[in-house]
Amino acid sequence: MESSNVRRFNKQAAYYMWAGVFFLLVFAVLLGIYYSTKQIDYVWGWSRIPQYFMYDEMVETRSEIGGTVDSVLVHGQKAVIRIKGKGEEGSYTVPARSIRVSEGDMIFVGDVLEAHKERQWGLLLVGLWITLKVSVIAVILGILLGILTGLARISSNPVLKWSSITYIELIRGSPLLVQIFIWYFVLGTLINKLLEKNGFEFLIPGLWFGIAALACFAGAYVAEIVRAGIQSIHRGQTEAARSLGMTYVQCMGYVILPQAMRRILPPLAGQFISLIKDSSLLGAIAIRELTKATREGVSSSFMTFELWFVCAILYLVLTFSLSMILQYVERRI
Amino acid sequence: MIDVRNIYKTFFVPHEVRALVDVSNKIEAGEVVVVIGPSGSGKSTLLRCLNRLETAETGHIYIDGIDILNSKTDINKIRAEVGMVFQSFNLFPHKTVLNNVTLAQRIVRKRRKEEAAERAMKLLDKVGIQDKANAYPDQLSGGQQQRVAIARALAMDPKIMLFDEPTSALDPEMIGEVLDAMKTLAKEGMTMVVVTHEMGFAREVADRVIFMDHGAIVEQGTPEHFFTEPSHERTKLFLSQIL
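Taken in sequence, the protein lines are chains A and B.
Sequential numbering from 1 applies to the first sequence in the working numbering.
Sequential numbering from 1 applies to the second sequence in the working numbering.
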């Protein structure tokens, strides 16, 4: 019965029907969520979300002394306000457009001389920027580390081979969160204490230990991808290159890696998308990336639902852009 | 030109095989030597030892008086002087025919781009595929690919050419074009060591034929002697099977 019904559709109609079912399903899920939130009296506040991307901050200049305004001299965009008090004098350089006092005004300590709005990046965009920065640096370091480790992995030299195997197994065998803690609390403490002890002025910020943890983590996986890619290239290619007198490095650089790259790229894309998502763990060591920023936003505004949805969408934007870029690169080589 | 003295080679993977057992031979400049023998007789291994793609365990191999088994020898320098053509062509699939021929010239011989391209076009013309210079290897037939491989090896201006079963992977109708290119090369006085099953080529072009079995040289001689009155039983049996 049913199959004869389906056959009556032409293919096109059946296709659109199922597509319609899909969108209906999506709509039903969204509606379901909305309905449930109504049941628990959740108050949606989407209109308050834009301030997490950008907001205007009031910047004020206040007088530190009491007295009278002696002079207001305007030089183009800027103005200099001069205040004369009893035995003291002050001068403030402020934007000319938003001055709130004029010559001869009486001024008390703490009076607002000038106030203007400044556009600021919102919490989510700041978090997104940190996530992006951390991911990009970790991806670049991860690629370098991965290629070197991958090459060491297939080397016949025991030092190189065993070091790379040890590194790969250590990294792949423990949770990333634990590795992040080790980098921050163990290695971070050690390195900064040693720097301090040896008279260095600067300390390495926690952000860099987070990046190192992510890069090392990605590097181990990239190494295995690189190794598989190189080993998938037929041995004859190496033999042909070497028989022409190329060195190992020339052979790798001109013959093997360019061919391996094509096979490496798709799994590499998956690895880097994972890395972007894994960067959300860095909140645990007080790096204010997107997830941590969202959590801060949630705890101060109680807009739990909206902010977490937006957070997820922002991650999606990052990962989707990355996979588009890599697909483009893949087509080019 | 080539002086092989008492070399041994054993493979342990997948199981222990004595590939070369006390092999010695001298090949003069300009000589064309054809190595034949049943599969697993060690002929390819011998050839690959000559440019150290395989390393002989004991003994000595002198190329132009230089001991290539000495670890102090710069093997890349030797390999640039010893061209090799493989059974499976091994062209670089990500490079055009022209770039296949110019790549090593530029990075090993340090020739300028135009100079390398000019040399490459001359050689491609010689092997009859100048019109395919900008094609990629997978757009070529097997015979054409092998001729590119020959041009690629010749571009380094080698003193010796090694051929490892150059026609074994080819369709029958393409064998002729590759053999013709090799014959031309032989006539020009190139020193050649050829592992092949093409007995016609051996008879026509070889100065000397070497017959190997179980990792050792069983018999060698001029083609006339070798194909008409072989002295060894094993040789007679082999020839009766393939001729």
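Treat the hints with care, as some may be off.
According to the in silico footprint, chain A covers these stretches of chain B (three or more CB under 8 Å from chain A) [as the list claims (entries may be wrong)]:
| id | segment |
| --- | --- |
| 1 | 95-107 |
| 2 | 146-157 |
Below, computed lysine-lysine pairings styled on BS3-like, alpha-carbon distance capped at 30 Å [to be verified]:
| id | chain 1 | residue 1 | chain 2 | residue 2 |
| --- | --- | --- | --- | --- |
| 3 | B | 126 | B | 113 |
| 4 | B | 183 | B | 122 |
| 5 | A | 161 | B | 113 |
| 6 | A | 161 | B | 77 |
| 7 | B | 77 | B | 113 |
| 8 | B | 77 | B | 95 |
The set of hints was computed from the structure by calculation and includes no laboratory data.
The structure displayed is predicted, hence computed values, not measured ones.
We put the beta carbon where it would ideally sit given N, CA and C, even for glycine.
Hint check results:
Residue count for the segment 95-107 of chain B with a Cβ under 8 Å from a Cβ of chain A: 3. That meets the three needed, and the coverage hint holds. Only residues whose beta carbon comes within less than 8 Å of a beta carbon in chain A count, and the segment 146-157 of chain B has 4; three or more means the coverage holds. Pair hint residue 126 (chain B) plus residue 113 (chain B) holds up; C-alpha atoms about 20 Å apart against a cutoff of 30 Å. Restraint check for residue 183 (chain B) and residue 122 (chain B): the C-alpha separation of about 18 Å stays at or below 30 Å, so the hint holds.
Restraint check for residue 161 (chain A) and residue 113 (chain B): the C-alpha separation of about 38 Å exceeds 30 Å, so the hint is violated. Our distance criterion of 30 Å between C-alpha atoms is met by residue 161 (chain A) and residue 77 (chain B), whose separation comes to about 28 Å. Only pairs whose Cα atoms come within 30 Å are accepted, and residue 77 (chain B) paired with residue 113 (chain B) is accepted, the gap being roughly 21 Å. Of the supplied pair hints, the one linking residue 77 (chain B) and residue 95 (chain B) holds, its CA atoms being roughly 24 Å apart against a limit of 30 Å.
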